Amino acid sequence: MKKHLFGKLGIAILVSVGVGFVAVNLLKSKPPEVAGDLPRAEKIDQNKSEVVSKFSGLEMGEAYLVKAGCLACHETNVMRVGPSYASIAEFYSDADPETLENLAQKILDGGAGQWGVVPMISNPQLDVETARDMVRWILQQEEQE
Amino acid sequence: MSIVNRMFGLFKIVVTSHVLLFCALVGTSVSANELTGRVTNARSGEGVFGVSVTLNRGQNALAGADIITVFTGGDGYYSFPLPTNKSSYVGNVLQIEKLGYQQVSPKNGPMTISDNEGDVVVDFKVKPEENIANNAPASAWLSKIPETDAKSFVRLQCTGCHQFPTPRVKTYSGLIEKSIAHLGATDDKEASLDVRKESWSAIVKYMRARMYDIFPDGTNIDLTKLTWHQVQDNNLTLFNSDDGELMSDFLATQMPTDFDTLTGYKYNAPLGVSAKTVIREYTLPDVSFVREVAMTTGSPYIWGADLQKNRLLRLDPKTGEKKWFNVPSDMPTGPHTIVGDYTGNLWIAMMEGDVLAKYTPKGDKWKLWTVREGYEGVAAIGAEAMVHDLSFDKNYKLARDKKGYIWLTLIGKNKMAGLNPDTGEIKSYPAQQIEGRTPISVSLYGTLLSNDKKCAWYAQLVGVVGCFNTETLENESIIEFPEGAGPRRLAIDESDFLWIPLFGAGQLVKYDTKARKLVATYDLPDRSAAPYAVTWDPKRNIIWCANSNADAIYGFDPVTESFQIIPLPRRMGYLRRIEVDETNGNLVTTYANIPTGSGPSKVITVELGD
Numbered sequence: 733m734k735k736h737l738f739g740k741l742g743i744a745i746l747v748s749v750g751v752g753f754v755a756v757n758l759l760k761s762k763p764p765e766v767a768g769d770l771p772r773a774e775k776i777d778q779n780k781s782e783v784v785s786k787f788s789g790l791e792m793g794e795a796y797l798v799k800a801g802c803l804a805c806h807e808t809n810v811m812r813v814g815p816s817y818a819s820i821a822e823f824y825s826d827a828d829p830e831t832l833e834n835l836a837q838k839i840l841d842g843g844a845g846q847w848g849v850v851p852m853i854s855n856p857q858l859d860v861e862t863a864r865d866m867v868r869w870i871l872q873q874e875e876q877e
Numbered sequence: 240m241s242i243v244n245r246m247f248g249l250f251k252i253v254v255t256s257h258v259l260l261f262c263a264l265v266g267t268s269v270s271a272n273e274l275t276g277r278v279t280n281a282r283s284g285e286g287v288f289g290v291s292v293t294l295n296r297g298q299n300a301l302a303g304a305d306i307i308t309v310f311t312g313g314d315g316y317y318s319f320p321l322p323t324n325k326s327s328y329v330g331n332v333l334q335i336e337k338l339g340y341q342q343v344s345p346k347n348g349p350m351t352i353s354d355n356e357g358d359v360v361v362d363f364k365v366k367p368e369e370n371i372a373n374n375a376p377a378s379a380w381l382s383k384i385p386e387t388d389a390k391s392f393v394r395l396q397c398t399g400c401h402q403f404p405t406p407r408v409k410t411y412s413g414l415i416e417k418s419i420a421h422l423g424a425t426d427d428k429e430a431s432l433d434v435r436k437e438s439w440s441a442i443v444k445y446m447r448a449r450m451y452d453i454f455p456d457g458t459n460i461d462l463t464k465l466t467w468h469q470v471q472d473n474n475l476t477l478f479n480s481d482d483g484e485l486m487s488d489f490l491a492t493q494m495p496t497d498f499d500t501l502t503g504y505k506y507n508a509p510l511g512v513s514a515k516t517v518i519r520e521y522t523l524p525d526v527s528f529v530r531e532v533a534m535t536t537g538s539p540y541i542w543g544a545d546l547q548k549n550r551l552l553r554l555d556p557k558t559g560e561k562k563w564f565n566v567p568s569d570m571p572t573g574p575h576t577i578v579g580d581y582t583g584n585l586w587i588a589m590m591e592g593d594v595l596a597k598y599t600p601k602g603d604k605w606k607l608w609t610v611r612e613g614y615e616g617v618a619a620i621g622a623e624a625m626v627h628d629l630s631f632d633k634n635y636k637l638a639r640d641k642k643g644y645i646w647l648t649l650i651g652k653n654k655m656a657g658l659n660p661d662t663g664e665i666k667s668y669p670a671q672q673i674e675g676r677t678p679i680s681v682s683l684y685g686t687l688l689s690n691d692k693k694c695a696w697y698a699q700l701v702g703v704v705g706c707f708n709t710e711t712l713e714n715e716s717i718i719e720f721p722e723g724a725g726p727r728r729l730a731i732d733e734s735d736f737l738w739i740p741l742f743g744a745g746q747l748v749k750y751d752t753k754a755r756k757l758v759a760t761y762d763l764p765d766r767s768a769a770p771y772a773v774t775w776d777p778k779r780n781i782i783w784c785a786n787s788n789a790d791a792i793y794g795f796d797p798v799t800e801s802f803q804i805i806p807l808p809r810r811m812g813y814l815r816r817i818e819v820d821e822t823n824g825n826l827v828t829t830y831a832n833i834p835t836g837s838g839p840s841k842v843i844t845v846e847l848g849d
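Taken in sequence, the protein lines are chains Y and W. For the first sequence, my numbering gives the first residue as 733, with consecutive numbering after it. For the second sequence, my numbering gives the first residue as 240, with consecutive numbering after it.
Hints were generated in silico from the structure; no laboratory data involved. All figures in this text were calculated on a predicted structure; none of them were measured in a lab. Any given hint could be a false lead.
For the chain Y half of the interface with chain W, some residues (derived, Cβ under 8 Å), not all of them [to be verified]: (1) 792; (2) 798; (3) 800; (4) 801; (5) 804; (6) 805; (7) 810; (8) 812; (9) 815; (10) 840; (11) 844; (12) 853; (13) 854; (14) 857; (15) 860.
Glycine included, each C-beta is placed from N, C-alpha and C at the ideal position.
Please work from the sequences and hints to get the whole structure.
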């Protein structure tokens with residue numbers, strides 16, 4: 733195995749927008765988009781009601797992540813197949829809105845990049861608003877002692 | 240209704256008696272109009288046989304199935320059994336399909352049906368098309384890979400839960416190639432192979448975790464409660480680390496990377512449909528997960544086990560009405576395998592809590608038995624016994640041995656358990672042990688009782704079929720297949736021949752249980768079809784293969800030793816078992832990709848019209 737292939741490749745070019753920037757609020761201001769064959773609102777409502785009924789103990793963003801199968805590769809502190817949520821949050825702590833929007837799109841499209849050559853699986857079953865909820869939650873995670 | 244009548248209908252000469260008959264049947268005074276038409280070859284003008292014509296009436300269909308498919312006869316004509324009022328189909332969508340053909344007229348694929356006077360006639364023109372990438376079944380993508388044990392093994396494991404390759408798998412393959420290109424390693428064979436291996440290996444690990452998606456709402460077998468180490472533990476997962484290596488190697492070296500073009504794939508057997516064949520699909524709610532359906536004597540309903548929502552479905556195939564019946568348990572149960580009997584009950588093996596249940600529709604009565612066996616107290620697959628299958632007979636009805644025991648396969652523990660529902664007594668015995676395999680990775684699967692009730696024949700996915708002797712309580716007549724062959728849900732006919740579907744190898748095996756010897760092994764028309772279960776059809780003397788990966792049902796005639804194909808009007812049409820409706824001979828089944836929502840969720844009936 734050629735170890736050097738799997739290090740951080742630093743593909744994403746990040747533009748810092750200064751200290752004190754709160755990614756979460758900016759993400760929320762993005763305009764809604766139509767996804768799939770259902771009206772967006774209806775699709776989100778369906779997703780929400782199912783997630784609420786199945787994962788009542790979890791926050792919405794986290795519940796989405798579990799439902800979509802993300803836990804199979806990611807958890808908050810430990811590296812599984814992919815990076816931990818805390819390390820993602822740390823990496824993107826200074827990222828600008830466009831980069832963060834790209835992260836939501838990355839969840840939908842999958843692909844390799846910042847964390848090695850193994851691509852993340854695509855998630856065409858999600859809508860972009862759900863992906864944004866996921867990004868919001870991920871970016872709030874911190875490394876626990 | 241004869242073909243001639245259909246053709247007459249086309250020319251708007253309505254046979255009066257025909258109309259009266261239908262009016263009487265549907266109890267309406269609205270004049271009868273047919274929905275009919277012809278599919279022709281755009282070049283020669285000749286009729287094209289075996290084109291499926293699918294009418295999607297939407298989920299608000301007035302009555303019956305919301306999606307109905309018929310086929311063109313030898314002359315290219317089709318006709319729907321819908322001579323009620325036009326409002327039941329005008330405005331809905333009509334779509335045609337035939338493997339190897341492309342629609343050229345009307346130009347835009349699906350047609351919205353518009354009204355006109357008299358019969359509604361919708362004609363189509365098609366032309367042969369070499370590239371079938373857009374309407375090929377998943378299995379077709381594997382057709383050019385040489386047949387090896389490794390290929391069988393990958394089919395066995397991957398298709399065990401979902402079609403393979405799914406659209407998402409194809410996307411992933413593209414993402415790997417993109418990553419290789421981004422790395423600038425496209426021309427570096429060794430580096431490219433490393434990336435592919437590492438990536439597919441990640442997917443194998445991912446799938447060990449995604450398996451948990453099969454468990455029901457409120458499950459205690461819960462990924463969120465497990466450490467990563469537990470998820471990947473050889474003792475608790477269906478495929479161990481050696482299996483994982485074999486799979487990622489195969490995927491990295493053998494899987495196609497171009498999914499835009501596919502040529503040369505054929506059904507390899509004649510179509511078993513005619514202008515009288517009708518396939519009805521009943522769409523179920525997205526949140527339900529009815530993996531399996533069954534019928535029970537004396538009931539006109541199709542009964543389904545909803546694994547996700549811990550309930551049973553009762554579907555009336557005539558009206559399309561759906562009713563749901565919750566399992567009366569404080570704990571999630573995950574109804575999974577469902578079998579009827581001769582007195583109108585349903586017997587259901589549960590994925591969770593090691594439960595077997597009996598449901599009696601008359602009076603809405605439940606009885607639950609718990610078969611706890613060496614529970615390890617971990618929220619992991621493989622910690623529970625998991626009652627997987629229960630013994631049935633040649634008619635796919637529940638079977639009890641001479642002492643009254645139902646035989647159950649405990650997939651988590653590789654054990655056969657006997658349950659006497661009269662006394663509640665439960666006993667269990669090890670099935671054949673496989674060296675180097677943990678119980679869960681042996682995957683003790685289907686079982687049935689021989690006609691003399693002495694043998695509970697069972698299948699272990701690792702590659703073994705054996706008889707558990709219900710009198711001596713010992714394993715005998717062990718039949719070994721190559722690892723990856725994957726014997727799954729068996730059937731037995733009235734002449735005591737055992738029919739073994741090899742899910743991984745894509746073969747059908749005939750075994751003589753009296754002489755205890757293998758009679759023949761037949762390659763399926765498509766060896767990547769993944770035959771999940773076989774059903775013996777006593778009226779037709781046909782073995783039906785419920786395929787998971789070919790979007791088709793295979794019928795095998797033991798006399799002529801030949802196959803016929805019933806194409807399904809659906810991509811991702813993952814089948815698990817077929818029941819033959821004893822009242823009308825219809826085939827009854829359901830789509831069952833894991834997890835919930837990853838494929839179509841529908842009950843299907845096939846009226847062969849033979």
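Do the hints match the structure? See the list:
no. : hint : verdict
1   : 792  : violated (15 Å)
2   : 798  : holds (6 Å)
3   : 800  : violated (10 Å)
4   : 801  : holds (5 Å)
5   : 804  : holds (3 Å)
6   : 805  : holds (6 Å)
7   : 810  : holds (6 Å)
8   : 812  : holds (5 Å)
9   : 815  : violated (12 Å)
10  : 840  : violated (11 Å)
11  : 844  : holds (4 Å)
12  : 853  : holds (6 Å)
13  : 854  : holds (5 Å)
14  : 857  : holds (7 Å)
15  : 860  : violated (17 Å)
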